[in-house]
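Protein chains: 2
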Amino acid sequence: MKVIVIGAVAAGPKAACRVKRLLPEADVTMVDKDSIISYGACGIPYFISGDIPSIEELFSTNFHVLRDIKYFEEFKGVKVLTQTEAVFINRRKKEVTLKELTTGKEFVLPYDKLVLATGSTPFIPPIEGVDAQGVFTVANMHDTQKIHELIKRGEVERAVIIGGGAIGIEMAEALTDMWGIEVTIVEMTSQLLPKIVEPEIAFMLQAHVEMHGVKILCNSQVKKIIKDDSGNVSGVLTTKGELAADLVIMATGVRPNIKLAQEAELLTTPQGIVVNKRLQTSDPDIYAGGNCVQNWCLITGKGVFLSSGSIANRQGRIIGTNIAGGRDLFEGVVRSFVIKVFDICVAKAGLSVEVAREEGFNALPVMAVQLDRAHFYPTKQLIYLQLTVDKDTGRILGIQAVGLNGDAVVGKVNTMAAMLKFRPTIEDLSTLEVAYAPPFGAAMDILNTAAHVAQNTLKGKNRSIGIMEFLSFWQERNTGKYLFLDVREATDAKALVEKYAPYWVNISQADIKRHLSNLPLDKTIVIVCNTGMRSYEVQLILDKAGFKNVFTLRGGIAALKMAGIDLIQSS
Amino acid sequence: MKVIVIGAVAAGPKAACRVKRLLPEADVTMVDKDSIISYGACGIPYFISGDIPSIEELFSTNFHVLRDIKYFEEFKGVKVLTQTEAVFINRRKKEVTLKELTTGKEFVLPYDKLVLATGSTPFIPPIEGVDAQGVFTVANMHDTQKIHELIKRGEVERAVIIGGGAIGIEMAEALTDMWGIEVTIVEMTSQLLPKIVEPEIAFMLQAHVEMHGVKILCNSQVKKIIKDDSGNVSGVLTTKGELAADLVIMATGVRPNIKLAQEAELLTTPQGIVVNKRLQTSDPDIYAGGNCVQNWCLITGKGVFLSSGSIANRQGRIIGTNIAGGRDLFEGVVRSFVIKVFDICVAKAGLSVEVAREEGFNALPVMAVQLDRAHFYPTKQLIYLQLTVDKDTGRILGIQAVGLNGDAVVGKVNTMAAMLKFRPTIEDLSTLEVAYAPPFGAAMDILNTAAHVAQNTLKGKNRSIGIMEFLSFWQERNTGKYLFLDVREATDAKALVEKYAPYWVNISQADIKRHLSNLPLDKTIVIVCNTGMRSYEVQLILDKAGFKNVFTLRGGIAALKMAGIDLIQSS
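Chains as they are written, first to last, in the numbering used here: chain A, 824 to 1394; chain B, 824 to 1394.
What the hints contain is simulated information worked out from the structure, not anything from laboratory work.
Not close to chain B: a few residues of chain A, all C-beta gaps over 10 Å, as computed:
1) THR852
2) HIS1035
3) CYS1041
4) ASP1213
Negatives, chain A to chain B, calculated, CB over 12 Å:
5) LYS928
6) SER1105
7) PHE1296
Some, not all, of what chain B presents toward chain A, calculated at C-beta under 7 Å:
8) ARG844
9) GLU897
10) VAL1233
11) VAL1257
12) PRO1261
Quick reminder that beta carbons are idealized off the backbone N, C-alpha and C, glycines included.
Bound conformation, chain A alone (with noise of 0.2 Å):
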């Protein structure tokens, strides 16, 4: 059996790899544009920050052997074309033309199988100057080495990255930590990671990279990349006002790889070529996987287009299982997504509340703000998760945390990322047993705290606001329309009385049943503690005794505090 592979990145070389496991005597030939091949590309920021020392690391073996032409030969049995590139694929003849890039030659190969993993390109928007010298994409290691070699000679003072996903981010980091470059995102939305995690999360991240050093303009457009005379990038031109520049990335997202495709007259949609669970195109002897398929969202049941080589890597699996004449289904994805910046951790998975609306759902925002260890446990971080949730069914769509213990923030994503496909609600999550001991969490994890509140919440006894109502509350606190009611103890509300009295009201949970009286009933009152905990018990109080108008603050004050609001300072 003959099997071309084209791409070998990450889905190319485990669909290659996989079919020589199961089928020893079939003839697999993988070929790529680059001469460098199988490299992790996730990896670029840390061989950029000097984490990694050398860029080989990035496609060595985790036994130190370099992925070569010469590693797949000997290892694996995979004959490998470099610098070659598919031009054409005749499905009547089962013919690949290909094409030498170095001598221009072209040849033709047959197949009996085909493999398209033919992977994504950054999007590069039409913006005056984009062609300058120091402007990058950060898509593969000729460019990283590049960027790596101005950077060493010491050439960046001042980078801007366009776009605030998660390589915009990354590149920050990695520009800042280690070479103490200034660096500027520049994001065209309202936040950071803008369609994957909700703006209170993203303020959240904002604010720590922002305490890191980085500058970041939100609701900026970039109007012009400006050179000087020899070609060089020397600033930008936002909608904010003029950026100096000796360095531009642009991170403005991929778009998936599908000409060859939609030259083969194979189904594709602007996701991505279009594959059958089997990870087989409208062609049964092409199969395709990574980065130019189209994936479909095991929540919304649509079809999504996601960059992840985590999901190259098993879809090339299962494409190698499937030509060698075995049956593996890719059933799609619950788009998760991790990243980590400085200190901090982000992880996702699931729905957005803006998307999960988007798509039609009836979707609500919970919260829970807890500790990563029990609360007696000498190191503890905060974690904030919170969930979305559909308040027709009870399903819950979505999940996103933040914190500083990225292992234990990811590690409570990936537990409820891996039941999604199970269509779960409130109440799978609400026993779901994590395990338990000190060092790992509190008796009652923070993800099944999600679920009460949740139930809470659904049943219209939680009634809370999120950081963003809550500001503009705030900002109308001189009206006399609201009253601000801590909870806590003395010691914790004493600042913020002293200072915002008689709006800022402390009546710690303990004594609030004795000073009812003494509460407003024509005004809205925002109940605040630490976490929120307590502020939905005392919320419970009120509407007994008949108070209208009455929410808590979700995540309180620690969840303030994380996304940068102070509101000692605050004036």
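Let chain A serve as the given structure and place chain B on it in line with the hints.
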């Protein structure tokens, strides 16, 4: 509505407070024999070790308010009677007879709904001398105080812990790490954490604990506890000799407290009080939760006894909801477990291979050893992960993992555990989507890898042996029956080849096809690499070349090393 809650540690307070939140007008009384209530017993080792400076933290809220009678009355509206024992339940009259332990006075309280949260009691085997001064269990705050005072006064130089379960091991760390006490654990069975984890995982834990100076005697029984003339403990006589001791900790398991339920003629089993999914006992007005109830194992469908503060809390909340007219269900348990000892973490969920076989499953062990981060990411630690797989159906019955990055270890186990109630197969785990970025894993997550190993094992493609079988082969290494084929790179294999040629040979994976003729057809060949992955690929090549009796070592040299086995030192 009158609600009486018997027991005020975990399930009890949770149930009582939940009722009050949902039904503020309910009259809720909680009674407990002890004077200290609502404490985190699982925190005891951390108080003994000095990690927690004051014992009050174990019964305080996370906002530093003592959870005493006043707290429950003022914050929660729950009446509390401490030092009060429930001596009899009159189900017909719906009354409980209570006894004030300080005065001996008995009185009767009526109930509409009753909650049994009577917990569990340490099992004390009938050993001579067990009544000596200085012999303790780890179960309540009073004994904890006494142990702590003894240690602080410098009266403990040597301690013997009877029982190698979780509490015994945690206490061993507490006594050793901070206080420098010479500690010996005496364990009846052949391993630590018997019936919880596989021997391989237990060996890894044991090697780590021994490295920190704790002596462990497995396969040892205690014959007698020796006291001096004043009745103080002076030693422990075991089947392996006498151990001097100033302190003895009995950590030989706990039993559910079911006497009160039995006397009220409620249905009970040796695993605890029988409850339905709503957590009602055989009397629908009497609920029960926490350590005193029988739990349903979601894997076997059978009743089991479990001692867990976490499950107790979740059950307490469900009881509270149901008493208040809700309909929450507790579906069962997946028997999750986690422990941190010194720098190592062991976590599990579901069944070990041994337990699964006892339950009638055709269970197989499968191991994956992989880094917790991308291999090119600077900070990284190995995780050793084992699945229990049903050979007949491909169903995953359990997971265990061990490693130095505890948050990552427990995160992987929880992720798998979340699927257990949905009866996942290896296909579910094979395509499980885990959030990926280099600081948190490999593109192919260890959970996916483990599923792939399982697939290859069930298809008969991957034939591996565990550490125990390897050691039995290794003991016969001079017989000429075995060849140990090390397929790592030459530098890694050098020391073993030098010491153990001719039965330890090195042919790297890349060279294997050229050297097949050098391998003997008449020996059992054990292929070894660092973690087991390369061994598998070489095994496929040997299979194809017609070799019989070829096996790989599960987890490779890394697993041996983690289990404290150094082949160079072995003789």
